[in-house]
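Assemble the complex: chain A is given as a structure, and chain B must be docked to it using the hints.
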Amino acid sequence: MTILLIAEHDNSAVKADTLKAVNAATAIGGDIHVLVAGANCSAAADEAAKISGVAKVLVADNEAYEHQLAENMGLLVSDLGKDYSHIVSPATTTGKNFMPRVAALLDVAQISDIIAVHSEDSFDRPIYAGNAIATVKSSDAIKVLTVRVAAFSEAGTDGSAEVVAVDAVHDAGISSFVSAELTKSERPELGAARVIISGGRGMQNGENFKLLEGIADKLGAAIGASRAAVDAGFVPNDMQVGQTGKIVAPELYIAVGISGAIQHLAGMKDSKVIVAINKDPEAPIFQIADYGLVADLFDVLPELEAAL
Amino acid sequence: MKVLVTVKRVIDYNVKVRVKADNTGVDLANTKMSINPFCEIAVEEAVRLKEKGVATEVVVVSIGAKACQEQIRTALALGADRGIQIDTELNLDSLQVAKLLAKVVEEEQPGLVIMGKQAIDSDNNQTGQMLGALTNMPQGTFASELVIENGKAKVTREIDGGLQTVELSMPAIVTTDLRLNEPRYAKLPNIMKAKRKPLVVKAAADFGINLTSSVEVLKVAEPAKRDGGEMVDSVEALVAKLKDEAKVI
Chain A
11 MTILLIAEHD NSAVKADTLK AVNAATAIGG DIHVLVAGAN CSAAADEAAK
61 ISGVAKVLVA DNEAYEHQLA ENMGLLVSDL GKDYSHIVSP ATTTGKNFMP
111 RVAALLDVAQ ISDIIAVHSE DSFDRPIYAG NAIATVKSSD AIKVLTVRVA
161 AFSEAGTDGS AEVVAVDAVH DAGISSFVSA ELTKSERPEL GAARVIISGG
211 RGMQNGENFK LLEGIADKLG AAIGASRAAV DAGFVPNDMQ VGQTGKIVAP
261 ELYIAVGISG AIQHLAGMKD SKVIVAINKD PEAPIFQIAD YGLVADLFDV
311 LPELEAAL
Chain B
38 MKVLVTVKRV IDYNVKVRVK ADNTGVDLAN TKMSINPFCE IAVEEAVRLK
88 EKGVATEVVV VSIGAKACQE QIRTALALGA DRGIQIDTEL NLDSLQVAKL
138 LAKVVEEEQP GLVIMGKQAI DSDNNQTGQM LGALTNMPQG TFASELVIEN
188 GKAKVTREID GGLQTVELSM PAIVTTDLRL NEPRYAKLPN IMKAKRKPLV
238 VKAAADFGIN LTSSVEVLKV AEPAKRDGGE MVDSVEALVA KLKDEAKVI
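Here the protein sequences line up with chains A and B, keeping their order. What the first sequence shows, in our numbering, is residues 11 to 318, in sequence order. What the second sequence shows, in our numbering, is residues 38 to 286, in sequence order.
Chain A with its partners taken away, still in its complex shape:
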């Protein structure tokens, strides 16, 4: 039994999502080979080789993989993956994009977003926005899985796997990268943050999100948002926490001016400690919060920043 795990990386470094997916793969058992597919990605491959529990790193270094276009990744991973028992990727927007193509090309099902491993063929995954947990069993010869990274801790980095180059170049030639607008921030990414402070519709506008920044800086926190705040145009889409946005499980989640719609709760209810600040005492967010404060956020936020 050998697992092919597809690394999430930006060509220069592997993301924490990869370390978490390795821990999920370790729970399945068997050797773990990590594929780093990118362009000029040897630095990321060297990092992947240090992840504890990894036996081998495959590097597919070619401009066809620079932006990990789904069409090219689908061909590469289904080609490399046919001799493996499992193909695993973190359920990031990159993994979600190409993994179903891999499964379809191999004529097997995909099991999305696993949150627990029972055995080599049986897994838990949330359905209905996390309001139910399905335990499923796959009879496919190759199991294609994406991992909800918020449900697993990070693997260590004391490994020393061999690094092997993959020569295969798959360029489907039907898609191309045009541009990317990536949010630049000194703060941790939502998926990797120990503390997250999120704002909702109650923030009223994008300008007011500045009130969260000072607190975030003091706590080393990432800043998130509810769907309502993103839909209203207060902040960009990559800040959205929820069923269809980022799923997070930090040590501390502070929800500010967020009522607690089902789809938002689906994205943060596994946080260790939840704080809710809302002026509406009936807001559903209070039903799952460990600590609730009924107050006007515009009074509370400056006070909180000063108190930290």
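Where hints are given, some of them may not hold.
[Unchecked claim] Partial list, computed: chain B residues near chain A (C-beta under 8 Å):
hint, residue
1, Q166
2, T178
3, K191
4, G198
5, V203
6, V257
7, A258
8, V269
9, E273
Since the hints were derived computationally from the structure, they do not count as laboratory data. Since this is a predicted model, take the numbers as computed values, not measurements. Here a beta-carbon is modelled for each residue, glycine too, at the ideal position from N, C-alpha and C.
This is chain B only, laid out in the frame that chain A set:
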């Protein structure tokens, strides 16, 4: 250009989900069902393409039991031209759905397929990508903007770090994210008109595809309950709790 749009009948997004006591699934008896919100956005986008003169025909397809004709009619009321129901009582996996849709693509030869990025019941986020692989079409998933020009589809995608734009040869598949558009409400005259639009029913069993899933659901359970905690009355009290009791700051 013909646009093919897929719609799925799912539990309405406002309804609270209840797990059955025998842990075999979710209780859907007498539950309000609706068009999957992401599919509704897909229909809207297709209709807008037609209104702009980019699309000439919008064909809507749904796979499921007869009840899903209701969702097809909703799509027709929003402006789609004709419907196809692929009839089955089975609860299909994404792969089987993608294989059936690949047959529809083969027959209809659309220039563009627009689908929801995921259904809010199974939360799989797979079918569009699988259809892409099976038909060798490129994909623009999680789209927040779609522009068709010079025979190419330019798709802006919502990704983890922000936005990414890709250019796809056509025919292509686009899966919708929330910010692509805001679907319109169907007007009463259009709802009446939709009743007369053509809707063809085909049996899933006639497509020559193995409809047996390789994934068995062993159990469906309630997630671990999270109890509400305590209310604090001041910022000072909150900070003290976080420091001394929860020890998270």
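Going down the list of hints, with the structure as the test:
Interface restraint check: B:Q166 against chain A, minimum CB-CB distance 4 Å, threshold 8 Å, status holds. A least Cβ separation of about 5 Å between B:T178 and chain A falls short of the 8 Å threshold, and the interface hint therefore holds. Evaluation of the B:K191 hint against chain A yields a held restraint, the C-beta minimum of about 7 Å falling below 8 Å. Annotation: interface hint on B:G198 holds; nearest CB of chain A at approximately 4 Å, less than 8 Å.
Checking B:V203 against chain A: minimum C-beta separation of about 6 Å stays under 8 Å; hint holds. For B:V257, the interface hint holds, the least distance from its beta-carbon to any beta-carbon of chain A being 5 Å, beneath 8 Å. Because the closest C-beta pair between B:A258 and chain A is about 5 Å apart, less than 8 Å, the hint holds. The beta carbon of B:V269 is positioned within 8 Å of a beta carbon in chain A (closest approach about 5 Å), and the interface hint is therefore held.
The interface hint given for B:E273 is met, as the beta carbon of that residue sits about 6 Å from the closest beta carbon of chain A, less than 8 Å.
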